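Participant: Every position in the sequence shown, counted from 1, becomes a number in the working numbering once 25 is added.
It is worth saying that the hints were derived from the structure and are not from the lab.
Misleading hints may appear alongside valid ones.
What the hints assert, rightly or not - Beta-carbon label-pair distances, calculated as ranges:
1. Gln230 with Pro125: 50 to 56 Å
2. Asn155 with Arg332: 20 to 26 Å
3. Ser384 with Ala67: 51 to 57 Å
4. Asn155 with Leu258: 26 to 32 Å
Unchecked claim - Distance condition first, Cα-Cα at most 30 Å in a straight line; then the derived DSSO-like pairs of lysine-lysine:
5. Lys110 with Lys69
6. Lys156 with Lys264
7. Lys110 with Lys294
8. Lys98 with Lys156
9. Lys98 with Lys69
10. Lys110 with Lys156
11. Lys98 with Lys266
12. Lys294 with Lys264
13. Lys110 with Lys74
14. Lys266 with Lys294
15. Lys74 with Lys98
16. Lys74 with Lys294
Note that the structure is a prediction, hence the values are computed from the model and not measured.
Backbone N, C-alpha and C define an ideal beta-carbon position, used for all residues, glycine too.
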Amino acid sequence: GTTSSCAAQLGACVPSPGFLSVRASSAGADPVFFNVSLVVDAEKPLTAKTPERVSMSPQFTNIYSFEIPDGTKGPLISLTVSNLKNGPVVLTASEDLCDPIDSFSATCGAGGGAPGPCTLEIGDCNISGNKWLVRVQSTAPANGEQTEFTLTYDLVATATQVYEVTGGAVNNTLSAYQWRVYQIPVEVDADGPPTTQLDVIAQQQAGAIDVYIQSAHDASDYPSIGCYQLRALGCRNCKAKVDACCIQNSTYYVTLRNTLNRTVPYTLKYTLDAVAEYAALNVTRANDTAAAPLALTAQPTTAAEFRFELEPSMLPDPFSYVVASVASTDPAALDVYVQRVSAAGDTNKCFTSEYACRSASECAYALYACDGGLTV
Numbered sequence: 026g027t028t029s030s031c032a033a034q035l036g037a038c039v040p041s042p043g044f045l046s047v048r049a050s051s052a053g054a055d056p057v058f059f060n061v062s063l064v065v066d067a068e069k070p071l072t073a074k075t076p077e078r079v080s081m082s083p084q085f086t087n088i089y090s091f092e093i094p095d096g097t098k099g100p101l102i103s104l105t106v107s108n109l110k111n112g113p114v115v116l117t118a119s120e121d122l123c124d125p126i127d128s129f130s131a132t133c134g135a136g137g138g139a140p141g142p143c144t145l146e147i148g149d150c151n152i153s154g155n156k157w158l159v160r161v162q163s164t165a166p167a168n169g170e171q172t173e174f175t176l177t178y179d180l181v182a183t184a185t186q187v188y189e190v191t192g193g194a195v196n197n198t199l200s201a202y203q204w205r206v207y208q209i210p211v212e213v214d215a216d217g218p219p220t221t222q223l224d225v226i227a228q229q230q231a232g233a234i235d236v237y238i239q240s241a242h243d244a245s246d247y248p249s250i251g252c253y254q255l256r257a258l259g260c261r262n263c264k265a266k267v268d269a270c271c272i273q274n275s276t277y278y279v280t281l282r283n284t285l286n287r288t289v290p291y292t293l294k295y296t297l298d299a300v301a302e303y304a305a306l307n308v309t310r311a312n313d314t315a316a317a318p319l320a321l322t323a324q325p326t327t328a329a330e331f332r333f334e335l336e337p338s339m340l341p342d343p344f345s346y347v348v349a350s351v352a353s354t355d356p357a358a359l360d361v362y363v364q365r366v367s368a369a370g371d372t373n374k375c376f377t378s379e380y381a382c383r384s385a386s387e388c389a390y391a392l393y394a395c396d397g398g399l400t401v
């Protein structure tokens, strides 16, 4: 007679006990003979920098594990799926694969065709234990063709030493894929108004450096992928600013990462700058002779800040309003923010705004007297 086989897989997070039902769907008179076996697959160990070639059934899952050695400073977990055939696959890493909140995932090969390498990277601030588990799940159609790929694990020490930025600037080189961490001590008046900002600039001609910045929550908690307050990626002239309203009395760590497979030179410098006074704008009544608009020039990616005050007599009834307007000679050149009482800014940074006009040549906003808070 003919023989056939089928298989199913239960994940490790499925509660126990489990039940298996087998039904003979043949319409013939002869009995159907079959064998049932249950096999528990142990997790497979991964060795750093050693590619693991995998062949698995569609819709099935493989579990791997690796250990982070004690004393590893600033580790970065890097997992790469390459040479994928009959994907996609979902790559997940966690200290507990049954806890989706503390798991990190990437889908590889979702676009079809011949996908390039797919990498999942986990920064040191998300690493607490030594043992990590990796799950690779094939989500390919169950068409009989095996899912094949190469899985590579690496544990990168983002830093083994922290360097000073002597004299506010340093010139050096980074080897292929190297990381280096610098520290910048910052002292500000925590009780006074925000008057100081930190500007960090990393210059490199090949556009190969990623920059990560954060304050020192922990002396070994270096900024890296997924662990930063600010970042600038793959730029030749990377600029990152800790605004005055965010800055703290702290040591700020700056991590540089070379993304190329060759040595690159770089310059890293920083400044602690006093925040400029906000320029005053005059407000004119609609029936008064309007003053000429204030003509200004802004360099690319720079900002100009202004403040204006509205006297109660300027807005005699609740329905009076003032229009704040800005116009540019260049199309889609401006981002404009308006905020009452405190400084206005980009909501992605620490300043907030009640009005934002982005990538425009002209912006206008009406502030009504009935809304209160007329110092803007």
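Participant: Confirm or reject each hint.
Facilitator: Verification of the hints:
Range check, Gln230 to Pro125: Cβ separation about 43 Å, and the 50 to 56 Å hint is violated. At about 54 Å, the beta-carbon gap between Asn155 and Arg332 misses the expected band of 20 to 26 Å. Ser384 and Ala67 have their C-beta atoms about 55 Å apart, which keeps the hinted 51 to 57 Å range intact. In this structure the hint that Asn155 and Leu258 lie 26 to 32 Å apart at CB holds, the actual value being about 30 Å.
Using a Cα cut-off of 30 Å, the hinted pair Lys110 and Lys69 holds, with the two alpha carbons roughly 21 Å apart. At most 30 Å may separate the alpha-carbon atoms for a hinted pair to count; Lys156 and Lys264 exceed this at roughly 37 Å. A C-alpha spacing of about 46 Å is found between Lys110 and Lys294, which places the hinted pair above 30 Å, so the restraint is violated. Our distance criterion of 30 Å between C-alpha atoms is met by Lys98 and Lys156, whose separation comes to about 16 Å.
Only pairs whose Cα atoms come within 30 Å are accepted, and Lys98 paired with Lys69 is accepted, the gap being roughly 25 Å. The suggested pairing of Lys110 with Lys156 holds, with an alpha-carbon distance near 29 Å, which does not exceed 30 Å. Only pairs whose Cα atoms come within 30 Å are accepted, and Lys98 paired with Lys266 is accepted, the gap being roughly 26 Å. Of the pairs offered as hints, the one joining Lys294 and Lys264 holds, with about 10 Å between alpha carbons and a cut-off of 30 Å not exceeded.
As the CA atoms of Lys110 and Lys74 are separated by approximately 21 Å, the hinted pair is consistent with the 30 Å bound. Distance check on the hinted pair: Lys266 and Lys294 sit about 12 Å apart at the alpha-carbon level, within 30 Å; holds. Straight-line distance between C-alpha atoms of Lys74 and Lys98 comes to about 18 Å, which keeps the hinted pair within the 30 Å bound. For the hint pairing Lys74 with Lys294, the CA-to-CA distance comes to about 34 Å; that exceeds 30 Å, so the pair is violated.
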